[in-house]
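Visitor: As a plain string of letters, each chain reads:
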Amino acid sequence: MTSFRVLGVGLALVWLVTAAVTGVELAGADETCNSPYIAKLIKGQEDYVYVWTLGVDGVGDGSDKLVTIDVNPKSKRYGTVVGAVSVGGRGEAHHMGLTDDRRFIWAGGLAEPKIYVFDIATDPAQPKLVRTIGDMAERTGYLGPHTYYALPGRMLVQALSNTKDKGGVTGIALYNNKGDFVTSYPMPTTNGGDGYGYDLAVNPRKNVLLTSSFTGYDNYMRPLGDVVKDPEAMKKFGNTMVAWDLKTMKPRKIFAVPGAPLEIRWSPKAGDNWAITAAALTSKLWLVKEDKGEWQAKEVGTIADPAKIPLPVDISITRDGKGLWVNTFMDGTTRYFDLSTPEAPKETYSKVTGKQVNMISQSWDGKRVYITSSLLANWDKGGADNEQFLRGFAWDGKELKQVFEVDFTKEKLGRAHHMKLGSKSLKSS
Amino acid sequence: MRRAGAAALLLWLAAAPARAHEPAGPPLSFEPPAPGTYTLQRIMAAPDGEVLDLDGRAQRLARFTHERITLLALIYTTCVDPEGCPRTLPVFDAVRRAVGDSARLRERVRLVTLSFDPERDTPAAMRGYAGRRATPGRVPWVFLTTRSPAAVAPLLDGFGQDVRATTSRGHGAPQREISHVLKVFLLDPAGVVREIYDSTFLHPRTVLNDVETLLQER
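So the protein lines, in turn, are chains A and B.
Using the working numbering, the letters of the first sequence correspond one by one to residues 1 to 429.
Using the working numbering, the letters of the second sequence correspond one by one to residues 1 to 218.
No lab work stands behind these hints, which were simulated from the structure alone.
All C-beta atoms, glycine included, are put in the ideal place defined by N, C-alpha and C.
Distance ranges between label pairs, derived from CB positions:
(1) A/Lys-424 - B/Arg-63: 35 to 45 Å
(2) A/Ala-270 - B/Ser-179: 19 to 29 Å
(3) B/Gly-36 - A/Val-352: 55 to 65 Å
For reference, chain A alone in the conformation it holds in the complex (with noise of 0.2 Å):
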């Protein structure tokens, strides 16, 4: 177990030095963060929180598994686990994405090619494991997937590694919502491309489909303080962005984009078409928009204190395309930047919001956050500064205000990653 304490400045340093880039983790997606092509968006009160969890040796039964917390503040249950589900093995379990339909979720673990089929509209608050996809590895020669994100009819599985040399060299594999492989589509790596690949975004009204880069197996499964105490390693983490024909899906064009850029978003607002991103490692945001009819990518602000290392690991975007959320792992810091002028995104809060934070999400309404607190299995805090929760937040514009906490330790679950929003009115009929 790495203790970032121990690394200190000392880690500041070799990253600054190296500027090579590590890559930090780690998001997804929430309800303002969906794919567009998800159906029944939880646009009053969510009732369930799924929380992709990370087994832990000697916790509960070890595995990794799909937890269900209770989030609406009626309900008799409120704050508490009242479902969770055992795949029966440990993966490193990292992100979720739901179908276009928003009946399943898919999830997967870096540490294999597997991907596990949750359904989620039989009893929203029961989820069941009814598939386990297993073919990836031999159909593509990828490894660690990553993103889900879903199409019409299908999931697009952006992968982070490959069983070859497990490095970052990877692919977006394209499966039927049967669980079917379809076909696969290398990351470029030529042209400035490095063949990295991280998250997934589309813009459907411009035909564009965007990527970013992060590291592969040998990195993310090894432990943080070697990594970076490795300068062939540190080499070795993605520096680019790539704009993809969504309709052809060839690469478009291709930015350097350096320092890890990791999860990306695009405005939901009507009208808008531009993303935004933040690079882990140099701890900025990029802004993906569309000027003389090109794509381009500029580099708009800094997250804290570069030299600190802050280490941002998710952005949640609001509804109306004019804030993001930000968290830090390092310092365990939420922040909200003002997005009014995408182009000069402008910091106007920040909290403490654990001793270390990884994902975030927000309602349709923006008025709940919810924040969990791993990062990797091997890269995550040791001793007391290893809290493993979700917490929920109530956001009034002004203040984040703790409502509830699920202490995934002491419930004997693991590391809590990933999540994705649920709703009883989602029972299929």
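Fit chain B to the supplied structure of chain A, relying on the hints for placement.
Guide: Relative to chain A, chain B alone:
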């Protein structure tokens, strides 16, 4: 003949923006890729099952999903969402006109509209919905329904079309509504789904480019 047909379609496509395209919905905010410059993946096999034609005769759906390139819409006739089922009609109209202008294409393309609300969309209701569109023309346009929700359920499952019945409680009596997201399917002559259009991609230009792309495979 084949070459001449393709050329005619391309000419039609080039001239089309001022013709049948724009009335079929909002203009595309991107330039669709040229036919044949991309691959339409084989997404899944179209399902089969019993359907009813406008005369109430039982047929197999497979009869209308093979041998020709098929553009198939799943709809219900009382849908009023402008981004939903009503979007299909002007797009299909435009595609039908364009395909009909090509002697080669009209033998190789069909349109299918299948209701997923058989309780209200009886064969008679479908006939009323279809109107003159059901009249045999240069390009077949088939309107279908089923005997019951149980009969349409496996078809919906096979196409991956999620449909949920809801009740609207407005000022008047409760109204039964159907919640769904528009999906239109492009099938190759082997009955394999090659594209699934949502409302943003459903446009005569994208559909016709895809038809031409499929034709160039052969």
